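S.K.: Listed below, chain by chain, are the residues.
Number of protein chains: 2
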Amino acid sequence: MPRSTPSGARRADAQHSVEKILDAAIDCLSRNHDASVVQIAQAAGVGRVTLYGHFPSREGLVEAALAHLLERGEEVLSGLDLTGEPAQSLRELIGSSWLLIAQSGAMLEAAQKVLPPGRIHELHAGPEQRVRELIVRGQAQGAFRDDLPAAWLASALHHVLKGTAADVRSGAMTAEQAPEFIAQITLAAYAPQPSCSHRP
Amino acid sequence: MPRSTPSGARRADAQHSVEKILDAAIDCLSRNHDASVVQIAQAAGVGRVTLYGHFPSREGLVEAALAHLLERGEEVLSGLDLTGEPAQSLRELIGSSWLLIAQSGAMLEAAQKVLPPGRIHELHAGPEQRVRELIVRGQAQGAFRDDLPAAWLASALHHVLKGTAADVRSGAMTAEQAPEFIAQITLAAYAPQPSCSHRP
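Going down the list, the protein sequences come from chains F and D. Just so we're aligned, residue 1 is where the first sequence starts under UniProt numbering, counting upward by one. Just so we're aligned, residue 1 is where the second sequence starts under UniProt numbering, counting upward by one.
Just so you know, these hints were derived from the structure itself, not from any lab. Being a predicted model, the structure only gives us computed values, none of them experimental. Don't take every hint at face value.
Cross-link-like lysine to aspartate or glutamate pairs, in silico, EDC-like; alpha carbons within 16 Å at most [stated by the list, open to error]:
#1 F/113 to F/59
#2 F/113 to F/63
#3 F/113 to F/34
#4 D/113 to D/34
#5 D/113 to F/34
#6 F/113 to D/34
Let the hints inform the model, and build the full structure from the sequences given.
M.R.: Structure representation (structure tokens):
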């Protein structure tokens with residue numbers, strides 16, 4: 001969290017620096033959990049002294065970056081109408097927020113190394129809850145399979161989101177192809193199954 | 001790779017140490033990419049000197065552990081008959097090798113930090129190829145959807161395998177529930193889709 005609160009133009013400058021630092025931290029930490037404060041300062045285009053002025057510890061910076069990302073995700077998610085047909089709602093949710101959700105997953109891993117588990121759970125509970133609620137509603141309405149727990153289905157979506165973000169970074173898929181691919185396989189995986197007697 | 005090759009009983013002892021070290025390295029590095037040589041020696045129940053005697057560098061140890069894991073995976077995979085009905089073959093493949101494949105994914109990330117990309121690709125090409133070939137055959141026979149590239153479908157399975165292994169470690173799912181869950185959502189995601197006009 002910012003340590004100093006100057007007034008007027010200086011406050012606006014400081015706010016701008018903080019934004020740049022947090023964006024750089026999200027980008028660096030999503031790619032490499034162990035990104036250093038120096039690497040983040042370089043990516044943000046600010047000096048180390050400026051960065052340490054706002055975030056005296058790496059731990060504080062990681063926590064602020066995670067909170068910033070989850071807040072942005074919450075803004076995007078809360079702007080969506082997820083009350084319509086569940087499959088269509090899920091498709092919209094994936095399309096509008098796949099990258100944010102994927103980055104949150106990567107950021108969470110970075111955060112797990114420095115923050116206490118309770119704090120991480122607290123920060124992450126909002127967006128996760130929203131996805132889970134949509135799945136539960138879809139199951140209740142018969143739009144999604146209910147032979148598997150909603151928590152597991154939500155978890156599988158997270159794994160695919162996170163892994164696909166890595167595939168986009170490695171060039172195996174483009175950022176334009178990713179959300180449609182994720183939606184297609186997720187909706188197929190979530191679809192009510194004709195029979196449960198498929199076990200060997 | 002072992003540096004010394006003593007004879008007789010000492011050779012058997014050395015081989016046993018190497019096995020213990022490699023198993024410990026796989027376990028530690030799958031959980032934590034940055035596991036140190038000291039942590040691995042502790043987990044293996046051997047002294048640091050013994051470990052360094054077999055693996056003078058952490059890099060060499062990581063490479064040997066990855067090769068050992070992939071070799072074990074190759075043994076399991078080559079023992080399977082994957083020439084039958086594609087969905088059933090995929091189910092068997094997941095059931096018999098999900099943990100090995102998941103560990104390989106985690107190990108690969110550890111390896112990516114220390115080994116050159118070409119060497120990793122070389123070590124990993126075998127098992128990956130087998131999964132991909134099964135998907136391609138399933139697509140050709142109409143058992144799996146062909147509206148998405150086989151490489152992407154294989155990749156999504158890898159993400160779910162890796163993520164589910166983490167869920168098992170965190171206690172969200174048991175090791176007994178995991179392979180059946182993975183098979184159920186993967187087979188649903190891979191199933192031929194009734195219509196491609198599902199886009200928004």
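S.K.: It remains to establish, for every hint, whether it holds in the given structure.
M.R.: Taking the hints in turn, this is what the structure says about them:
1. Proximity of residue 113 of chain F to residue 59 of chain F is assessed by CA-CA distance (about 9 Å); at most 16 Å being required, the pair is judged to hold.
2. Taken as a hint, the residue 113 of chain F and residue 63 of chain F pair is honoured in the structure, with Cα atoms around 11 Å apart against an allowance of 16 Å.
3. The suggested pairing of residue 113 of chain F with residue 34 of chain F holds, with an alpha-carbon distance near 9 Å, which does not exceed 16 Å.
4. Taking the CA atoms of residue 113 of chain D and residue 34 of chain D, the gap is about 9 Å. The hint holds against a cut of 16 Å.
5. With a C-alpha separation of about 11 Å, the suggested pairing of residue 113 of chain D with residue 34 of chain F holds against the 16 Å cut-off.
6. Our distance criterion of 16 Å between C-alpha atoms is met by residue 113 of chain F and residue 34 of chain D, whose separation comes to about 11 Å.
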